[in-house]
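Undergrad: One letter stands for each residue in the lines below.
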Amino acid sequence: MSENPLPLEKENEVYSRKSWWGEVWGRLYLNKMAMAGLAILIILVLAAIFADAIAPFGYDDQNLNETFLRPSLSHLFGTDNFGRDIFSRILYGARISLTVGLFSVSISVVAGGLLGAVSAYYGHMTDNVIMRLVDVFLAIPGILLSISIASALGPGLMNMMIAVGIGSLPTYARVTRAAVLSIKEQEFIEAAVSVGASNFRVILRHILPNCLAPIIVQATLGVASAILVAASMSFIGLGLEPPTPEWGAMLSVGRPFIRDHWHIVTFPGIMIMFTIFALNVFGDGLRDALDPRLKR
Amino acid sequence: MFAYIAKRLLMMVGVVLGVVFVVFTIMYITPGDPAEIMLGETATYAEKETLREQLGLNEPFLVQFGNYSKNLFLRGDLGISYTTKQSVSSEILERFPTTLMLAVLGVAVAVGIGIPLGIISAIRQYTVFDNISLVLALTGVSMPNFWQGMMMIILFSVWLGWFPSSGFNTPLHWLMPALTIGTSSAAMIMRMTRSSMLEVVRQDYICTARAKGLKESTVIIKHALRNSLIPVITVAGLQFGALLGGSVITESIFSIPGVGKLMVDAVKQRNGPMVQGGVLFTAIIFSFVNLFVDIVYTYIDPRIRSQYSRKAKKGRKAPHE
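Sequence lines, in order, name chains G and W.
Residue 61 in this note's numbering sits at position 61 of the first sequence, and the numbers go up by one each step.
Each number in this note's numbering comes from the position in the second sequence (counting from 1) with 296 added on.
It is worth saying that the hints were derived from the structure and are not from the lab.
Take the hints with a grain of salt, since some may be wrong.
Claimed, not checked - Pair by pair, the computed Cβ-Cβ distance ranges are: (1) P356(W) / E241(G): 43 to 51 Å; (2) K511(W) / P256(G): 50 to 58 Å; (3) S513(W) / P56(G): 53 to 61 Å; (4) L451(W) / P243(G): 50 to 58 Å; (5) Q360(W) / P56(G): 30 to 38 Å; (6) I325(W) / N81(G): 43 to 51 Å; (7) Q360(W) / R70(G): 50 to 58 Å; (8) F361(W) / M158(G): 23 to 31 Å; (9) L471(W) / S72(G): 28 to 36 Å; (10) R70(G) / K511(W): 38 to 46 Å.
Source: prediction; values computed, not measured.
Just so it is clear, CB atoms sit at the ideal spot from N, CA and C, and this is done for glycine as well.
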């Protein structure tokens, strides 16, 4: 049967409309830059997952006979002041940076998104109170807010992710609020309310799924800035402490040696740049693909 | 117009009060005993207790907050630094000119690079130049500025020996920090100029200008550029505010004695009042800059301006935002 399907079925298959996500993917696929970004991201994620298998050395294997080695075949990116292999440390660092990026953005998306949604849905007083609060947080430059929160919470991976997450929360509240405002007046929401759906259900099941597009775009670009803020914080000594192979922390530790050993700070920085670059071009491509009208 | 400014100022007062509360609360819950930081670990319990009493640290949270706000708003007093025992506000004010200078230079770099490149890539859309500048812009945004600063130190100070790697005394010292802090803004301004320019170039009045037989350079500079710069000015202004906060990193790399470095050092020394003062000060300046940019924006755009005067003539309330 399967070899000779009915013509009608085949026709249906040919003319069946692609799903919305299918269309988005189709447009995204045509964007070379975005695909290049996606490819870099996939490589990074794989490198992070399989760091144990790929890395020639452990991230904390010291060898004091081999300090400050220049890049060579045995040490692709050279070694640092403790003779640790920089290439291996960078691979393990990908784990930390990606985790920090994803986790802190999740914090800001969930908390900021919920605040924005509640604010837009209930309107009036609730909206006013929440948005003035968001204004207050927006008035403090993001990195300073993260720095103050990090200094209150103390060092450590979890605390850093929370600090970075809270630092960018207000932006998500604003983006979600704008998206929800445009959805909430539509008829299917009225329909949901009139059949007796609770407010909570309306927000979670009917409104939020329909305003995912701008939130996803913001989140993709947000991962990039979260990684950057986290690296900056580690760089000024507020994030993760040595010997954690966080890229920003590696730059911070290598800084005293830049006069004689350029390679210590060069490679971690290049990795940060590649990651941010990939996330940015992918995010831009995603925005264009999700809403072709916005294409610049 | 006046009503709009007054309304915005009033809103800003609320925001500033909120910022004071938020920052004070964050610092209040920060662990570490100020008395111990100031007196050292060898101090006796009695000595620490006396100091705590003096500083009012034994009071309840709201009383402490009330005292802090009272001192701040009535006297501009931000407390006393735990480490130097000097007034926080005078230490910040002493260093602020350096940070301001850095931000101004950063914006100058951003505008000086961003606008010309943006214009050229718009009038040469889809050419090699446009593509190269796109890649440059993406790289500029993706580069962590602390890394860019270090790379410049390696190249220009260590290898070539052209510029000094730290300090902020002479114009020679300014170049690398200004480039470091301004690069990502330059990239943003460039993309903004390009897209704004492309939008304007498609308008009918540009066609009219060309049809009148004007030189292409006149069309671009007098007709297209002036209109397309309006959103760019807003972005540049907002970037200026952001650079004041972003100076934290750049000042640390180049050992520039500004407010940013003061804050970073204070965080490391657990010098609460200094961190609190620095964050508050920057946030307040940031809010002022943003307000100023908004006002300038409504003023320079003839379309918005006429809207206000028309509304005013009709005796209606000016629209906001």
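Undergrad: It remains to establish, for every hint, whether it holds in the given structure.
TA: Against the structure, the hints come out as follows:
Taking the beta carbon of each, P356(W) and E241(G) are about 34 Å apart, not inside 43 to 51 Å as hinted. For K511(W) and P256(G), the hinted distance range of 50 to 58 Å is satisfied, since their beta carbons lie about 57 Å from each other. Between S513(W) and P56(G) the beta carbons are some 58 Å apart, a value that agrees with the proposed interval 53 to 61 Å. For L451(W) paired with P243(G), a C-beta distance near 28 Å fails the hint of 50 to 58 Å.
Range check, Q360(W) to P56(G): Cβ separation about 55 Å, and the 30 to 38 Å hint is violated. Between I325(W) and N81(G) the beta carbon distance is about 36 Å. The supplied range of 43 to 51 Å is therefore violated. About 55 Å separates the C-beta atoms of Q360(W) and R70(G), a value consistent with the hinted range of 50 to 58 Å. Checked against the given bound of 23 to 31 Å, the beta carbons of F361(W) and M158(G), roughly 28 Å apart, stay inside it.
At roughly 35 Å, the beta carbons of L471(W) and S72(G) sit within the given window of 28 to 36 Å. Distance hint check for R70(G) and K511(W): the Cβ-Cβ separation is about 56 Å, which falls outside the suggested range of 38 to 46 Å.
The structure shown violates the earlier hints numbered 1, 4, 5, 6 and 10.
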